[in-house]
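Protein chains in written order, with my numbering: chain A, 106 to 359; chain B, 66 to 484.
Since the hints were derived computationally from the structure, they do not count as laboratory data. Think of the CB as a built atom: it goes at the ideal place given N, C-alpha and C, for glycine as much as any other residue. One thing to keep in mind: the hints can contain errors.
DSS-like, lysine-lysine: derived pairs with alpha carbons at most 27 Å apart [claimed, not checked]:
no., chain 1, residue 1, chain 2, residue 2
1, B, K429, A, K222
2, A, K199, B, K310
3, B, K476, A, K146
4, B, K474, A, K194
Rough simulated footprint, nothing fancy, chain B against chain A, three-plus residues with beta-carbon under 8 Å [what the hints assert, rightly or not]:
no., segment
5, 190 to 204
6, 255 to 267
7, 342 to 349
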Amino acid sequence: MNFTKESGKPRYFVIELIKMIEIKDLHKSYVMGENSLHVLKGIDFTVKEGELVAIMGSSGSGKSTLLNILGMLDEADKGSYYLDGKPIKNLSEKIAARYRNKFLGFVFQSFNLITYKSALENVAMPLYYQGMKRNERNKKAMRYLEKVGLADWATHLPNELSGGQNQRVAIARALASEPKVLLADEPTGALDSTTSYEVMRIIQSINDEGKTILIVTHEDDIAHMCKRIVNLRDGVIIKDSKINQVRTKSATHV
Amino acid sequence: MFNRDRWEEILEALSSNWFRTVLTAFGVLWGIFILVILLAAGKGLENGVKADFGDIATNTMFMWTQTISKPYKGLPKGRRFSYKISDVQAIKDNVPNMRFISPRNQLGGFGGSNNVVRGLNTGAFNVYGDYPEIIEQQPMDITSGRFINYGDIDEKRKIAIIGEGVKTSLYEFGEDPLGTYIKINGVNFIVVGTYKKKSQGGDSEEDQKEIYVPFTSFSQAFNRGDRVGWMAITAEDGSSITQLKEQIFDVIKQRHTIHPEDDRAIGNFDLYEQYSRIERLFFALKIIAYFVGTLVLLSGIIGISNIMLIVVKERTKEIGIRRALGATPWSIRGQVLLESIFLTIISGMMGISLGALVIYAINKVLDASGPVDMFSNPSVDIGVVITALIILIVSGLFAGFIPAQNAIKVKPVDALRTE
Numbered sequence: 106m107n108f109t110k111e112s113g114k115p116r117y118f119v120i121e122l123i124k125m126i127e128i129k130d131l132h133k134s135y136v137m138g139e140n141s142l143h144v145l146k147g148i149d150f151t152v153k154e155g156e157l158v159a160i161m162g163s164s165g166s167g168k169s170t171l172l173n174i175l176g177m178l179d180e181a182d183k184g185s186y187y188l189d190g191k192p193i194k195n196l197s198e199k200i201a202a203r204y205r206n207k208f209l210g211f212v213f214q215s216f217n218l219i220t221y222k223s224a225l226e227n228v229a230m231p232l233y234y235q236g237m238k239r240n241e242r243n244k245k246a247m248r249y250l251e252k253v254g255l256a257d258w259a260t261h262l263p264n265e266l267s268g269g270q271n272q273r274v275a276i277a278r279a280l281a282s283e284p285k286v287l288l289a290d291e292p293t294g295a296l297d298s299t300t301s302y303e304v305m306r307i308i309q310s311i312n313d314e315g316k317t318i319l320i321v322t323h324e325d326d327i328a329h330m331c332k333r334i335v336n337l338r339d340g341v342i343i344k345d346s347k348i349n350q351v352r353t354k355s356a357t358h359v
Numbered sequence: 066m067f068n069r070d071r072w073e074e075i076l077e078a079l080s081s082n083w084f085r086t087v088l089t090a091f092g093v094l095w096g097i098f099i100l101v102i103l104l105a106a107g108k109g110l111e112n113g114v115k116a117d118f119g120d121i122a123t124n125t126m127f128m129w130t131q132t133i134s135k136p137y138k139g140l141p142k143g144r145r146f147s148y149k150i151s152d153v154q155a156i157k158d159n160v161p162n163m164r165f166i167s168p169r170n171q172l173g174g175f176g177g178s179n180n181v182v183r184g185l186n187t188g189a190f191n192v193y194g195d196y197p198e199i200i201e202q203q204p205m206d207i208t209s210g211r212f213i214n215y216g217d218i219d220e221k222r223k224i225a226i227i228g229e230g231v232k233t234s235l236y237e238f239g240e241d242p243l244g245t246y247i248k249i250n251g252v253n254f255i256v257v258g259t260y261k262k263k264s265q266g267g268d269s270e271e272d273q274k275e276i277y278v279p280f281t282s283f284s285q286a287f288n289r290g291d292r293v294g295w296m297a298i299t300a301e302d303g304s305s306i307t308q309l310k311e312q313i314f315d316v317i318k319q320r321h322t323i324h325p326e327d328d329r330a331i332g333n334f335d336l337y338e339q340y341s342r343i344e345r346l347f348f349a350l351k352i353i354a355y356f357v358g359t360l361v362l363l364s365g366i367i368g369i370s371n372i373m374l375i376v377v378k379e380r381t382k383e384i385g386i387r388r389a390l391g392a393t394p395w396s397i398r399g400q401v402l403l404e405s406i407f408l409t410i411i412s413g414m415m416g417i418s419l420g421a422l423v424i425y426a427i428n429k430v431l432d433a434s435g436p437v438d439m440f441s442n443p444s445v446d447i448g449v450v451i452t453a454l455i456i457l458i459v460s461g462l463f464a465g466f467i468p469a470q471n472a473i474k475v476k477p478v479d480a481l482r483t484e
């Protein structure tokens, strides 16, 4: 903390924001038969608490690979990765599962809800893996469903909901475990622009509450609704800049 | 591991494709059903055959005399000889672990002429001169009165114990035979008891048509002197008559001046040997039943394993999602294993129940239609059922093991690929 003192009393202070994600010199290559595909070629990248970062790039630029590594779904060949100050390296599957559950929330392009479970059960699933009691779990899941405006749809199965609704359920699920970081892989990729904005509005409002969020996208308008854009090309960051966030229109419009 | 959510997930997974689940379960059901039925049929056959032995002490040998086949000490071959009553004591003195040695004499026999008379009724019956111990070797229920005792032997009382079959052919219905006289080969005996033998099978009717009188009275009344027709010898429970009988033969051969290597002079029927042969046969049958049943079961198990593999494949994506949400490998593995064990046990129990039902039905039919030769009361004991259950649980584990390994080999990132 830095204090600016005036007559012995703090007038204001600036909190040095915690580095949520810190990666250094990250390399990843896929071996396919005799060919080796070098996807990430030394990425250095830091995300502080409360940031809303868009990772952009054409397909094959390595953005999804980066997100998978950040999500501990994949492991880097080389380089360091700290999540909330904890080194993520050579984790056993059990620890990785716990970290994923505690620190990360995932939102996927194809929603990845479990088809035979209701919206509420889907949202409660990460809590189940935390070992939370049934009642408590359902109560909490309900709160998050309310938050994304789907409380009335709690008992519906994913195939009874629209794409936008499904993605909102997925966001509620990602939030339910109160993760440090939300990772979204093309969250609007399967949605039309109206529902895309609806989803982005929710993401922005979560971010306003202080949640750190990373979004992989190739859509410019979506990227500009974030606070910072990281451009990837051929496995390296070519541009990393803060932008003026475009706010989505208020809910009455949607 | 056994919380409500787990079971809900299992039921959801299994009920998501009912038809397939039922078909798969049928494989195991059929296997365990075959196993149970085979074992029960084997048991039924065993019960049937062993019932023919009745309650006869199976550690018993019957021994009679035959023509001597080797010249010895100046005596020619082709002689005949008889056991003497003193042989009994000699065997007792020289051979260890003898439980009962019953010398017997006999009148009549299968298809013999009428030899017993009471008033106007006559009949052809087997008449035995016996010692009291014979009732231990060939058990019978004394339905009225008493059996032979040593008082009868010592005083050579002319008493008789008649079978229920004798009673029905010599007496009016409802008449009490006790205290009445019957004439056996012209000699009067007083009836002091009636018996009924429990044996069944082909001889069961003949078995009730016998008359037992004291050995000493028999010898005197029918001029047998000190000769003995044949002997029923039972060894102590710990030792087998099959091993002891050579010693008995040696004693007899020595006392009757028979060549030690003359195997044809003494005829014998070794019940224990027959019995052990049958025991071995049924043991083999049981092994075959287990073998065949287990193989059939195995194909059912493989079916379950196969389906679990498919289920895991189908749910690759779901497993990936769960992994991303924080499912540990063990919770995934446990889920697959529990599903497989659950399916195996449920279908196995149904197979056992179905088997039990069929056995019950067979027993009902057997009861209704009367005894069948060589087959009675097919059954499986609780031990077999428990063994089957253990086999089921273990095989359920095995069936689930490979699919469970496959399930955790799924990398979340591969499972979640959108393409």
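Outcome of the hint check:
no., hint, result
1, B:K429 x A:K222, "violated, 49 Å"
2, A:K199 x B:K310, "violated, 71 Å"
3, B:K476 x A:K146, "holds, 23 Å"
4, B:K474 x A:K194, "holds, 19 Å"
5, 190 to 204, "holds (count 4)"
6, 255 to 267, "violated (count 0)"
7, 342 to 349, "violated (count 0)"
In summary, the numbered hints that this structure violates are 1, 2, 6 and 7.
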